[in-house]
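J.: Here the protein sequences come in this chain order: H and V. Note that numbering that gives the first Met the number 0 has the first sequence beginning at 0, numbered continuously upward. Note that numbering that gives the first Met the number 0 has the second sequence beginning at 0, numbered continuously upward.
Mixed in with the good hints, there may be bad ones.
[Stated by the list, open to error] Where chain V lies over chain H, by a calculated footprint (3+ residues, C-beta under 8 Å): (1) 51-59; (2) 398-412.
[Stated by the list, open to error] Okay, derived cross-link-like pairs now, SDA-like style, lysine to any residue, Cα gap no bigger than 25 Å in a straight line: (3) H:K419 to V:N138; (4) H:K348 to V:E149; (5) V:K181 to V:W132; (6) H:K419 to V:Q143; (7) H:K419 to V:D134; (8) V:K225 to V:Q84; (9) H:K419 to V:A95.
These aren't lab readings, by the way, just hints derived from the structure by calculation. For clarity, every value in this text was computed on a predicted model and none was experimentally measured. We put the beta carbon where it would ideally sit given N, CA and C, even for glycine.
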Amino acid sequence: MNKPLPDVKDSYLSQFKALSGNGAEGMPGWLQAIRGAAMEQFGATGFPDSGDERWRFSNMRQLTEATFSLAPADTERITRADIDPHVLASSADQCLVFVNGRFAADLSSLGGLPKGVVATSIGTATKSDLKSAERHLTKYARPGDNPFTALSTAFIVDGGFLFIPPNVVLDKPIQLLFLSVATSTPSVSHPRCLIVAEGGSAASVVEVYAGHGAGDYWTNAVTEVVVGDNARLETYRIQQESEQAHHTATTQSYQARDSVYGLTTVELGALLSRHDINAVLDGEGAECHLYGLSQLRGRQHVDHHTTIEHAKPHCNSWEYFNGIYDERSRGVFTGRIVVQPGAQQTDSKQTNNNLLLSDAARADSQPQLEIYADDVKCTHGATLGPIDEGALFYFRSRGIDAETARNLITYGFGVEILNKIGIGELRQRLDDVLHSRLDEGADRRRRRRRMKQ
Amino acid sequence: MLEIENLHAGIDGNEILKGIDLTVNAGEVHAIMGPNGSGKSTLAQVLAGHPAYEVGQGRVAFEGEDLLDLEPEQRSCAGIFMAFQYPVEIHGVTNAYFLRAALNARRRCLGLDELDPVDFMDVLEQKIRAIGWDDSLMNRAVNQGFSGGEKKRNEILQMAVLEPKLAVLDETDSGLDIDALKTVAEAVNKLRRPDNATIVVTHYQRLLNFIVPDHVHVLVKGRIVKSGGKELALELESLGYDWVKGPVPIA
Numbered sequence: 000m001n002k003p004l005p006d007v008k009d010s011y012l013s014q015f016k017a018l019s020g021n022g023a024e025g026m027p028g029w030l031q032a033i034r035g036a037a038m039e040q041f042g043a044t045g046f047p048d049s050g051d052e053r054w055r056f057s058n059m060r061q062l063t064e065a066t067f068s069l070a071p072a073d074t075e076r077i078t079r080a081d082i083d084p085h086v087l088a089s090s091a092d093q094c095l096v097f098v099n100g101r102f103a104a105d106l107s108s109l110g111g112l113p114k115g116v117v118a119t120s121i122g123t124a125t126k127s128d129l130k131s132a133e134r135h136l137t138k139y140a141r142p143g144d145n146p147f148t149a150l151s152t153a154f155i156v157d158g159g160f161l162f163i164p165p166n167v168v169l170d171k172p173i174q175l176l177f178l179s180v181a182t183s184t185p186s187v188s189h190p191r192c193l194i195v196a197e198g199g200s201a202a203s204v205v206e207v208y209a210g211h212g213a214g215d216y217w218t219n220a221v222t223e224v225v226v227g228d229n230a231r232l233e234t235y236r237i238q239q240e241s242e243q244a245h246h247t248a249t250t251q252s253y254q255a256r257d258s259v260y261g262l263t264t265v266e267l268g269a270l271l272s273r274h275d276i277n278a279v280l281d282g283e284g285a286e287c288h289l290y291g292l293s294q295l296r297g298r299q300h301v302d303h304h305t306t307i308e309h310a311k312p313h314c315n316s317w318e319y320f321n322g323i324y325d326e327r328s329r330g331v332f333t334g335r336i337v338v339q340p341g342a343q344q345t346d347s348k349q350t351n352n353n354l355l356l357s358d359a360a361r362a363d364s365q366p367q368l369e370i371y372a373d374d375v376k377c378t379h380g381a382t383l384g385p386i387d388e389g390a391l392f393y394f395r396s397r398g399i400d401a402e403t404a405r406n407l408i409t410y411g412f413g414v415e416i417l418n419k420i421g422i423g424e425l426r427q428r429l430d431d432v433l434h435s436r437l438d439e440g441a442d443r444r445r446r447r448r449r450m451k452q
Numbered sequence: 000m001l002e003i004e005n006l007h008a009g010i011d012g013n014e015i016l017k018g019i020d021l022t023v024n025a026g027e028v029h030a031i032m033g034p035n036g037s038g039k040s041t042l043a044q045v046l047a048g049h050p051a052y053e054v055g056q057g058r059v060a061f062e063g064e065d066l067l068d069l070e071p072e073q074r075s076c077a078g079i080f081m082a083f084q085y086p087v088e089i090h091g092v093t094n095a096y097f098l099r100a101a102l103n104a105r106r107r108c109l110g111l112d113e114l115d116p117v118d119f120m121d122v123l124e125q126k127i128r129a130i131g132w133d134d135s136l137m138n139r140a141v142n143q144g145f146s147g148g149e150k151k152r153n154e155i156l157q158m159a160v161l162e163p164k165l166a167v168l169d170e171t172d173s174g175l176d177i178d179a180l181k182t183v184a185e186a187v188n189k190l191r192r193p194d195n196a197t198i199v200v201t202h203y204q205r206l207l208n209f210i211v212p213d214h215v216h217v218l219v220k221g222r223i224v225k226s227g228g229k230e231l232a233l234e235l236e237s238l239g240y241d242w243v244k245g246p247v248p249i250a
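With the rest of the complex left out, here is chain H (with noise of 0.2 Å):
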């Protein structure tokens, strides 16, 4: 690991004391005895490298190069009308919206829960010292694990914090809601979160991260998720921020017994995103579905690295993961799958597919199996290449122009994925986005050729 340079080092100390002073006043004391720990880890480990094998595939120098300095809190200039088009019909009553990382309370509506339920911010929750919060914030994603998440520890401020209490149903997801907005100089937020499914409960949540404009700045985001005893948590990220900003983030889950714990995540925004998913069955019988799509463009790059760790017998996995990369875009994906001694009868599947649109774009796909059982099923499988000429043949040969049978193919590609999602009014949203970036990525190089003639 590389040592940050001096000044970047600097930076993220002395933005840490000045937090210290004011946006953490009121936090109990356990909270910034974790944040003062998560600091420590950073200043000794600093960011990754390109040497370290986890992060070989994602140059990350344009953020541990630069300095960030905290996004500003200020939220008067988003209003309403800017938050509207981000959030589902069905969440308009139980919304938490975010600014630059921060709670707005005003943005936000939240009458729609039951009783019990609790949604508010992780800003609030730890100063009003919720036990919920205390016993389960951190306690997942581990500052040592990855130097993002480290950071991220050491400056929670804000964030959404969720409570399903045993044996509620949620009908209606409840959405959160990340909007950032680039600054003059760069800026950085670290947005928080912890979702706690307690036993039996069942619940679905979206968590959109959008920018507010052009422009760069970065979101380092962390999500814990707890799934209790016979819990069923469908959680969906649509991470869609402004194509020049950057994204880290990671997703912690920790499952009990027979729960079921399902995450689509849908990476269309930022210039580079570096996403790692990281799931923990560690009760009989729960299974985990992981599904995920990426749709790229121009210089854009995302990478995911999962890993599924089956840590007790009868645990089932699924991984589906679409890329679909145009022009100079590149995408990464790793499928880690561990199985722990003793986790027999493990049932787990990963694919990976990945469709390449132009001779520039590209893609890397690494499946790792570390399997310390012997009555497992684990399989993968994974494809990258441009559209199948095979598949093309097929479409003409039923009378369906090239062009047109492209198109439906490179749709199918996406919509595969998005048919997993269970919140009919979000796959449409979504259906429509594919659409519209589709039919703008073939007027691009309707474009491009016409110049080059």
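Add chain V to chain H, keeping to what the hints say.
T.: Chain V alone, transformed into the frame defined by chain H:
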């Protein structure tokens, strides 16, 4: 309907078809049989217009029009359909969506209005009922996770919906168990009309117990070495392909 004269074609610089002559009239069923590697599938692919195959010389006319000049989608438009030996799996696109896109392309060629999803489902249900199947495959992605039999059935369903003038079945029987084979053959028989024609490409005589051809041609090393009536298939079955592998082309 179809006239093939002295057709030479191949792939990657290797000539596989070395002078094929074949005439197919409306209302006829032709079987093309031959050992592995004889060029049966190449002939089917060349007729459908697979871009990887190169035509060296010869002429193919479909209803008087030069077929070899047409793109694959134009051939479909003209009324040619090939049932693939290995139907392709398509991510995310449902069978119903795919079929509607194909049917609407066909309807545009025929100068008919396109069908909206509701009208299309009506047409589709009629077709499915006519060939005695169910619609269980319609909302699944095209050929994805289909069994071998389901894939072949799906090809025949496409054929039923598109109503081609000339259907080329490329080893549609390969890998099918006897029940699936009967199901597919019955559907093909139901779709036979005086104004359309079928070319059945097969390695095995078995399919021809259920789809009775008017003409049988034996293809060996890129040439038709023998042609005859349906009894030729039975002779082949008992005597094997060695019987016709003589050095001198007969047809």
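J.: Indicate, hint by hint, whether the structure satisfies it.
T.: Here is how each hint holds up against the structure:
1. 51-59: Contact hint for the stretch 51-59 of chain H vs chain V: violated, 0 residues under 8 Å.
2. 398-412: holds (count 10)
3. H:K419 to V:N138: holds, 14 Å
4. H:K348 to V:E149: holds, 24 Å
5. V:K181 to V:W132: It holds: about 13 Å lies between the C-alpha atoms, which stays within 25 Å.
6. H:K419 to V:Q143: Distance of about 16 Å is within 25 Å: holds.
7. H:K419 to V:D134: With a Cα-Cα distance of about 22 Å, the restraint between K419 of chain H and D134 of chain V holds, given a limit of 25 Å.
8. V:K225 to V:Q84: Given pair K225 of chain V, Q84 of chain V holds - Cα atoms ~24 Å apart, limit 25 Å.
9. H:K419 to V:A95: OK: K419 of chain H and A95 of chain V at ~18 Å, within 25 Å.
In this structure, the one hint that does not hold is number 1.
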